[in-house]
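Q: Generate coordinates for the entire structure from the input sequences, incorporating the hints supplied.
In order, the protein sequences belong to chains F, V and Y.
Using the numbering used here, the letters of the first sequence map in sequence onto residues 832 to 1173.
Using the numbering used here, the letters of the second sequence map in sequence onto residues 617 to 919.
Using the numbering used here, the letters of the third sequence map in sequence onto residues 38 to 604.
Where hints are given, some of them may not hold.
Claimed, not checked - To be clear about the criterion: a stretch of chain V counts as covered by chain F if any three or more of its residues have a C-beta under 8 Å from a C-beta of chain F, and this derived list gives those stretches: (1) 749 to 760; (2) 885 to 898.
Unchecked claim - Partial list, derived from the structure: chain F residues whose beta carbon lies under 10 Å from chain Y: (3) 934; (4) 1013; (5) 1016; (6) 1018; (7) 1038; (8) 1041; (9) 1120; (10) 1133.
Bear in mind the hints are in silico, worked out from the structure with no lab data behind them.
All residues carry an ideal CB built from backbone N, CA and C; glycine is no exception.
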Amino acid sequence: MLNFTLRRLMFTIPTLLLISFIIFLILDLAPNDPTGNLPLTIPPEVRAQIRTSLGLDEPMYWRYLLWCKQFFINEPLNLLNQWFGWCIGDCENRLRVTSFLTRSPVVDLIAERMPQTLWVVGMSYVVGVLIALPIGVISAYKQYSWFDQFGTLIAMIGFSVPTFFTGVLMIVIFSVMIPQDSMFWLPSIYDTTLKVVDWPSFVQQMRQMAMPVMVLALFNAAHISRFMRASMLDNLSQDYVRTARAKGLKEKTVLLVHVLRNSMIPVVTVIALGIPQVFGGAIITEQIFKVNGLGQLLIIGIQNSDIPLVQTLTFLFAVLIVIFNLVADVLYGLLDPRIRYD
Amino acid sequence: MTDTDTLEDDRKYRSLWGDVWSQFRSHRGAMLGSVVFITILLAVAIGPYLWGLDPNFADVRHRNQGMSWGHPFGTDQLGHDMLAQVLQGGRISIAVGLTAMALSLFLGTFIGVLAGYFKRLDGLLMRGTDLFLALPILPLLLVIIMLFRDTLRSMFGPETGIFILIVFIIGITSWMQTARIVRGDVLALKEREFILAANSIGTPSRRVILRHIMPNILSPIMVSATLGIATAIITESALSFLGLGFPSDFPTWGRLLYDGTQRITQAPTRVIWPGLAISLTVLSVNFIGDGLRDALDPRIRGR
Amino acid sequence: MKLKYLVAGTLGAALLSTTAMAQMERGRDGNANIIYWQAASTLNPYLSGGTKDIDAASMVLEPLAHYDENGNMVPTLVDEIPTVANGGVSADLTSITWKLSEGLKWSDGTPVTSADVVFTANYCMDETGGCQQSAKFGGVKSVEALDDLTVKITFDGPKPFPYGPFVGATTPILQAAQFANCMGTAAPTCTEQNFGPIGTGPFTVTEFRANDTISLAANPNYRDPSKPAFATLTFKGGGDAAAAARSVLETGEFDYAWNLQLAPEVLADMEAKGQGTVLSGFGPLVERLMINLTDPDPKWGDERSTVAHPHPFMTDPAVRQALSMAIDRPLLVEIGYGKAGKVTCNVLPSPAIYDSPNNAGCEVQDIAGANALLDEAGWVRGADGVREKDGVRLSILYQTSTNAVRQDFQALIKQWWAEIGVETELKNIDAAVFFGGDQSSPDTFQKLYADVEMYANNFDGTDPEAYMGNWQCSEIPSPDNAWLGGNMPRYCNPDYDKLVKEMAGTADINERARLAIAMNDMLMQSYTIIPLVHRGNVAARSNTLEGVKLNVWDSDLWNVADWSRAK
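A: Structure (structure tokens):
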């Protein structure tokens, strides 16, 4: 297994380079333009000048190589400088990956947004998984019971009603209809500058997280619980379950040790695919609740054709995808020792 | 689910598909789901002819109306009849949902099975999957639309051209999860005794996959199918919202829901009907999927 | 006795004034919250021309003069506006001399001098810096400091309207000391400066989170000691217009929301909750249809939509006029904009002095008249109800950017055109692509690979010279000028070009107005540009916020120093 992991990690580097090039190619081909959202009062000659100053006149491969140099060499050196004070080469005037839109280093922007994304999107994922697993297990164990039917109904509604609707519905209920002095009132706008230092500010943080987390958790739980249920059902009718029961094992042991472990493979896949999405942010939900996390940064970047920003974010996202899929592959081996990669 | 029925039938001649059908029929949820789904299909297929009102006729004097006999679902801000819009929108939404789901399911299963079963293909196919997972979807859409919209439009006309484009886009950007899940299951399955047995008597790979692997990975595929329809319908609405979908005079459920969301407090019916239509479709497909899965599983069928 | 009275009087006056001082103390009203649904990306308006960035920066940075809510110029950092009458503008119109007020201080306490103004001009005029406001400095030959407080701007020819640089929020003064190392190619590397410029405005930046939130505090060195009323101010960005409106009008979480282009009934319903008030003001923004006078048929390849191939039917004035007559403009206003829109028959409806009185009548929809006109011109209805003549069908591709109101307009106009026998296919394009001007994209508004397109346009400030210059022959976009040019209809009329030239050499305001009206009428009566709606700016303020004056000629936040909390 260790051997396999190492071999895969080696293989990861060229894969990621290829992915980064293809992403760059797509961003470059896309017909939107960094000056597209400027007011029409800015004349075309000035727009051309702006494009030149952003370096867009250079050939595509040259800009890609420049990004590679900035991202793979300058940014790590800069981190060393920031964290340990080590200065290698010309650390004052080193060009970092710079966003077109804000003209500031992209990595700083990402770091600034990480906390709210992790709080809101990460929390909603944790909540979603924690709800989904037991619901999936129980619905499968008691297939077609009222609990199962009810769970199916909720899950399907959670999945088929998009977050742009549930989010607005929540705001109308909790921020508009409920009076502001009520303890159930929740703010419709997320305050990213809030610092949790004491109990009241912690309560405030919880309140402003409540709605986005609920909306996203419902969606995630609906998704994961369906796969959990289906996989449990497959395994519950297997011969080894009958054997285990015949041996006189306790029902709890049969269910939670034997069946659950064998049913985890698709669920692990789904969760591993979902974790990078957490870092990708939830574009619509962040937009509705003004969380302004990574998802909002990405969509602003895309709308304004901010190539360095989108390229960097997407690439980091790709790194996470590759890593978590590797983690999933390793977990398969642990869950089912028969799986061999070597 | 009743054991006695099947026991009595024991002696009659039974075909595989007959068995499947009788099991499917005895699944209450699946039958109910089928009835609802067929009703929805009929409604959107025949409904627009029966209801007669043109979904694109703006009767401006009667805009923003609530429910009435003339307009059972009310009218929107331009005076379009909502019932006609929901019926017409259902055609596109269901067509997009089903075809995009089928495409992504086919791609996902095909790639997942190949990668899981043939070790040599695994690395390549899964890195390809990683690539597709990492692609930034919006810029990709812009590129695809820039490259192909005009060609498709001149070849198939505005409606069909956009339809092909959207189905293709949704299909090609949503197969990866199915592929990863199927591959994971196949990896575990192919080490099981019955596959080893099949291999050892010289069964060709194609037959092993179709006969032995496929039936055993049906349930995650069914779940993917259900979720896939919902995803496709909603993705389509996100596309129209971004100006990348159907022209604005082709209503779809997703877009009706999106437009209604703005007026959620003024006219709740505007979100209820399209929302209900999407949910009912997804729910009924889900139950049909459940029933099919049970019916195709010989262990459950025997019970 | 007298003395006693006098003493008592002065004491009383002193008392009075101290209590007045206490009431009018800076920072007396605590915190205010402003929401912009597009977040500010930077506070340097020279590096980002977006309205949101300019507005946000206008609380910190100030120009020499700005426009008030009526479009009049008012002095900001100067004592009076230079004119020919007071000698500030030279008689030959080639230079303007500004004199800074005495005793002005930057928020860091250092004095504001003419060197700062000169520096700012050089900063923007540096071609390698990609300054987004460089058009404002068009025609500027030199900017020099005559003494510590006097700046002379010289133009390379007579400039009838010399108030381009340093008037209005788009071109504020930067502090030379802070930005000294940020010239030219170094401009983008100055993150710290761009995110926290030192200014003369009522507020200073305490924290800037790009594309998210700006925290501001009252400027301790602001020239008026009783202003601003708010000690701190939060400028939140993100979300969408509906959510921003809701946060002011329904939940009351925010005090001011910007640019609320929402369906009128939605906005009215929110306003009815009683938490806030909807404001609207009218600038020169006009939603219009641009008719393509050239043939967009793909068969022409590279010559598509160029003057090489005239349009098969749009070149017929009867068709263009009929298209305009079939439109019910009051209904469009009612459905799309409500209070924030007015019917207009001119492409230049504002300022009032330029508004032509000669095109009235377009507000009445006349389907019968349009049909008669087309019949007369020989366009006959075919079997499917679509008119044709000599094998040419009146079939239109109608494009616009993606936006709920525009899609509603498209649907309505399509229906009206169907009533006069014109077939319409609708197309909407993502705004970033449509307005993006990417050379490789077929979907830009300059290329106009369609028969009709709809969008809104306006101009900065109050002078329409550059705006009206858009429809000269030389402004026609084509592959030769890389599709750069503002003449979307490909309108070309030597008489029009003559008027443009004449206006460039005329200083008298009334004469300029006459020329602008003549140009407007020429365009309107040829029906190559079909105006639909004169659009206003819409904003919402909380009922507890006082002093807000919506300004369409300058930044929305132009008078944020005067804002206060209702007691």
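Q: Compare the structure with each hint and give your call.
A: For each hint, the structure was consulted:
no., hint, verdict
1, 749 to 760, "holds (count 9)"
2, 885 to 898, "holds (count 6)"
3, 934, "holds, 4 Å"
4, 1013, "violated, 12 Å"
5, 1016, "holds, 9 Å"
6, 1018, "holds, 6 Å"
7, 1038, "violated, 12 Å"
8, 1041, "violated, 15 Å"
9, 1120, "holds, 8 Å"
10, 1133, "holds, 8 Å"
In the structure shown, a violation is registered for the earlier hints numbered 4, 7 and 8, in ascending order.
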